[in-house]
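Student: Keeping the supplied structure of chain Z fixed, place chain X upon it in accordance with the hints.
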Amino acid sequence: MNKKLHSVSPESGPNSNLDLTPQLAQSSSAFLFEPKNIVPFENALVWQKNFQKSLIEEPFSPQAVWLLEHFPCFTIGRGSDKKNLLFEEKKSPLPVFSIERGGEVTHHMPGQIVGYLVLNLSLHKKDLSWYLRELEQVLIDVLDLLGIEGERVVGLTGVWCEDKKVGSIGIGCKRWVTQHGFSLNVDCDLIGFEKIIPCGLDQVKLGKLSDWIPGIKVCDVKPLLRESVKRRFKLNWENI
Amino acid sequence: MPALSSTMTEGKIVEWLKKPGDAVERGESVLVVESDKADMDVESFQDGFLASIVMPAGSSAPVGETIGLIVETVDEIAAAQANAPSPSPQSARQEKESSSPQVQEKQASVDSPKAKVITKASPTPLVSDSSVNQAQFLNDGRIVASPRAKKLASQMGVDLATVRGSGPHGRIQAEDVQSAKGQPISVPWIAESNAPAKIVSDMPRIKEKSVDSGKPPASGKSFGSRGETIAFNTLQQAVNRNMEESLNTPCFRVGYSILTDELDDFYKQVKPNGVTMTALLAKAVGLTLARHPQVNAAFSSEGIAYPSQINVAVAVAMEDGGLITPVLQNADKTSLSDLSLQWADLVKRARNKQLEPQEYSSGTFTLSNLGMFGVDRFDAILPPGTGAILAVGASLPKVIASKDGSISIKKQLQVNLTADHRVIYGADGALFLKDLAYLIENNPYSLSS
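One line per chain: the protein sequences are Z and X, in this order.
Using the numbering used here, read the first sequence as starting at 174 and increasing by one per residue.
Using the numbering used here, read the second sequence as starting at 39 and increasing by one per residue.
Any given hint could be a false lead.
Some but not every residue of chain X turned toward chain Z, in silico, with C-beta under 7 Å [to be verified]: (1) S43; (2) V52; (3) M78; (4) E394.
Just so you know, these hints were derived from the structure itself, not from any lab.
Note that beta-carbon positions come from the ideal geometry of N, C-alpha and C, so glycine has one too.
The following block holds chain Z by itself, in its conformation from the complex (with noise of 0.2 Å):
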């Protein structure tokens, strides 16, 4: 028989460590939610709950994404300490949601971008603090694009910008679906966090894009996080 077709052997290969791991691991399909109005909180908080749910029922199913601006309310995880809300909880200035996610008390208003991912880390990686870094990588690479020069802050989640904070991220997860994401403040007022310690950190000072690009609005931003959120996940948006 011919010897020569089995010479080959798997080390000498001009693609031995070819990965054959076809589509799935490598890229994964979202649906891409980007509403045109100001979003009611518990509006999203449905959305995403729907999504992580027929995910968890379904791992097949899609996964979404949403960038979009809420009214104004504060939000407050699972494990805050109230005592950062800077009031009385009951004669709260705004509405207060409590939600399930990481992370101490936070401020959402118009101007102020926010990303709801819901993911199935099975299909990326099943490592919270990874999936927490490359959120924040996101924000980073956009900064970048803007040419602001984004950092993170040893042993905090965030993004600063010199010594202000413009990019919070918090998130659930439940088997390994998750749910929230980050904010990004762009051109938004921000009074609001005035009435709460954000994040739990005394002396945090918050920052906006606006600070350091006059004139910039939510409609420039958006779509850079839009690339972002898919290069960086690697998610294919599904047609809607």
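Tutor: Just chain X now, with coordinates in the frame of chain Z:
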């Protein structure tokens, strides 16, 4: 305390969602753990009761530490609670640490023999595939139900004795329980066809089924009723895409008949050690692939891609449609018992849709076995991204004429290789099959090495 990330050393318990004494269902969230700015709902592995909370909400615990105890029956709660304050390895049996976000099950090692008996006697929620098959063939007035059906029945308060089974040989399926309760929802589980390859001598009843045409065959499966059109589910769509893609691959087929008497003898010897026929076939294929790297290779736009491992995927049908191919990694280098254990675990988790992508998509060669249905031969469609797939039929007694002219009855198995001709040529496929046949016919004992 489960590990939520590779770098996590400890986690903070944010909240217990259950109180001691509460019943917990498999997959139900029991507590919330926070690490950094991420919250994770931690779920129970099994049905049972939260006996005690060792680490209260607000406290932090190192990864792997016992944080609570779950027991299977109400009776065990008190005993587990008595043991709870000292969760040292002596008092609580530490199960293998897992990075999955589920509660580390700790079964209190209870001293009272009564409780022990209860623990042992309580039904295992997931039955290994072969035992399901055996149970169903031994069904003499016993209730035979799928694990999923049993769980649903207990959840919904349905007495299985009153449910008529629509599955193979009257096995009660999840749907039967639901329709008994008036809830016709399709529930995924894995069909019988994923059963490890059975050689006829080991499954005499199957042999009867496949050979004796006097018996009425089990009715075929359908996803819809007459006149209906049922939308493809996600898994079926995925299979459809792969199958259509395979039309772009120039395939050829080459077949071989393999005598299995030696393999059967060997199987009988190793079966008591828990070795399954799937493991034997995967190992035989793995070892042969190691000597025929071309058959393990695949087409890529850059050229012939030689994978760094030999990963044998085995096709498994899903009851609600579609199929999945759990992968036995490094089949050439892994021992038979490890392969058998891995396979049982993969099938169990496939049934629960808990497989990770690399566990079903990293195959470099695929095995498809319909032998358990008595099929003598068939041909398989090549999964994209791989070079070849082997279709395995049943091992059936045949009259064999040997070279010296003598005639004997031997058991023979037909295999059929489908291969991508851009990578694997006819001679490659033929030599691979010849080598595989030689190994199975003459040297099955080498599989255990």
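Student: Hints first: check each against the structure and report whether it holds.
Tutor: Hints and how they fare:
{"no.": "1", "hint": "S43", "result": "holds (4 Å)"}
{"no.": "2", "hint": "V52", "result": "holds (4 Å)"}
{"no.": "3", "hint": "M78", "result": "holds (5 Å)"}
{"no.": "4", "hint": "E394", "result": "holds (5 Å)"}
In summary, this structure violates none of the numbered hints.
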